[in-house]
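Visitor: Given next are the chains, with one letter for each unit.
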Amino acid sequence: MHRTGELYGQFQTLDQQKESATLGMWVFLITEILFFGGVFMAYTINRHAYPTAFGVGGNMLDLALGFGNTVVLIASSFTMAMSVWSAQTSRKKAVPVWLVATLALGSVFLGIKVVEYKQKFDHHLIPGHGFDITYCSNNPSACGLSGKALEDEKKEIEEGIRAETDDPNTPEGLARGLIALNAHAQLYFSLYFGMTGLHALHMIIGAGLLLWLIFEGFKGRFDANYNTPVENIGLYWHFVDIVWIFLFPLLYLINRHLA
Amino acid sequence: MAEHSEHIVSPKIYAVVLTALLVGTVLTVQAAKIDLGRWNIVLALTIAVTKMTLVILFFMHGKYSSRRTKLIIASGFFWLAIMLVLTLADYTTRHPEPSRSQLQQTPARTSPVPSGFSA
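Which chain is which? The protein sequence lines are X and G, in order.
Read in order, the letters of the first sequence are residues 1071 to 1329 in the working numbering.
Read in order, the letters of the second sequence are residues 46 to 164 in the working numbering.
Check each hint, because a few of them may be wrong.
Short, incomplete list of chain X residues facing chain G, as computed with Cβ under 8 Å [to be verified]:
no. : residue
1   : Glu-1089
2   : Val-1109
3   : Gly-1138
4   : Thr-1140
5   : Val-1142
6   : Ile-1144
7   : Ser-1147
8   : Leu-1321
DSBU-like cross-link-like pairs, simulated, lysine-lysine; straight-line CA separation at most 35 Å [stated by the list, open to error]:
no. : chain 1 : residue 1 : chain 2 : residue 2
9   : G       : Lys-108   : X       : Lys-1088
10  : G       : Lys-78    : X       : Lys-1218
11  : G       : Lys-78    : X       : Lys-1224
12  : G       : Lys-108   : X       : Lys-1183
13  : G       : Lys-78    : X       : Lys-1088
Ranges of calculated distance between the beta carbons of each label pair, as one might list FRET restraints [stated by the list, open to error]:
no. : chain 1 : residue 1 : chain 2 : residue 2 : range
14  : X       : Glu-1102  : G       : Thr-95    : 17 to 25 Å
15  : X       : Pro-1238  : G       : Ser-120   : 44 to 52 Å
16  : G       : Val-130   : X       : Phe-1105  : 12 to 20 Å
17  : X       : His-1199  : G       : Asp-80    : 30 to 38 Å
These are calculated hints, taken from the structure and not from any lab test.
If you're wondering where the values come from, they're calculated on a predicted model, not measured in any experiment.
Idealized CB from N, CA, C, for every residue including glycine.
Sequences are here, hints too, so could you generate the full structure?
Guide: Next comes the structure, spelled out in structure tokens:
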């Protein structure tokens, strides 16, 4: 297997060979755009159908962790771009250093995601039998809720129940509203775990690819003549960053003016 | 027509884009805290699309790629738009199925079932 950047028989020039590689990578990324597009479509339709339940669910996410993760991921895109630049300008020693920084930031992102998922488990927000949107407002000490935050969450859930019920004037009607709110908030959390899980899977694959790049980079393999793997894995990494740029406002910021 | 030697984006431009993306992130959080009604989502998506454009143009070298590659990139969003627009055109114009409680409230149908339909 050739990994040194010589001209393959089917190409006229190295530039043409390079452009074909970039083009091929973009064609792959288009299939990824449509793959994620389907999930975003499902999100749009369900949010359109149950705006209140999606707002209540969205405000149960930790905004500080989501914001921190966005910053971390954007920073990792910058370090990835810098490793491509290092390769293009034949700074062979800098290439793996920037790649290690990218991998470290990517790992921080996944670590924060683990903390968030664990928190949702503790707060009974995993879709399924144990799901209970009122768990935190009923057990505020278990969720570290108090004061205004607790009042806000209670008020939001109450408004959610009123929006979901067919009869807000009877206790039976309100009970039906709570069942509907729980059902539709589970739709939100199914999409939350589905979308962020799919995104995290792409991050894990990206981390694996970075490990290989780092290994090759320390051998001094990437320079101005040959850097296609760095460039293409860079494209993939930036694509995953773009997906998060949309996930963050769509999942974390639905109804923040109420919180 | 082969382009001669790839365009190298300078670290200065990368740093400017990084700053713009971070400012956009702060902006989108602050904007979400203001009640703009239905315009909240419009503003959030506008900021997200702007950030995406910056990433594609500079981090992904879209601005400096060949016209052929640019066409491929654009076609990806074109196909995405077909999916989003046509699906939403269906969902936003379709009448929702009545719920069971609504069906119980409506009086029973008096006219006979049209021929050709079986119950």
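Visitor: Decide, hint by hint, whether the structure agrees.
Guide: Each hint, compared with the structure:
no.: 1; hint: Glu-1089; in the structure: 6 Å, holds
no.: 2; hint: Val-1109; in the structure: 11 Å, violated
no.: 3; hint: Gly-1138; in the structure: 10 Å, violated
no.: 4; hint: Thr-1140; in the structure: 5 Å, holds
no.: 5; hint: Val-1142; in the structure: 11 Å, violated
no.: 6; hint: Ile-1144; in the structure: 5 Å, holds
no.: 7; hint: Ser-1147; in the structure: 6 Å, holds
no.: 8; hint: Leu-1321; in the structure: 11 Å, violated
no.: 9; hint: G:Lys-108 <-> X:Lys-1088; in the structure: 16 Å, holds
no.: 10; hint: G:Lys-78 <-> X:Lys-1218; in the structure: 16 Å, holds
no.: 11; hint: G:Lys-78 <-> X:Lys-1224; in the structure: 19 Å, holds
no.: 12; hint: G:Lys-108 <-> X:Lys-1183; in the structure: 33 Å, holds
no.: 13; hint: G:Lys-78 <-> X:Lys-1088; in the structure: 46 Å, violated
no.: 14; hint: X:Glu-1102 <-> G:Thr-95: 17 to 25 Å; in the structure: 21 Å, holds
no.: 15; hint: X:Pro-1238 <-> G:Ser-120: 44 to 52 Å; in the structure: 49 Å, holds
no.: 16; hint: G:Val-130 <-> X:Phe-1105: 12 to 20 Å; in the structure: 18 Å, holds
no.: 17; hint: X:His-1199 <-> G:Asp-80: 30 to 38 Å; in the structure: 36 Å, holds
Taken one by one, the earlier hints fail for this structure at numbers 2, 3, 5, 8, 13, listed in ascending order.
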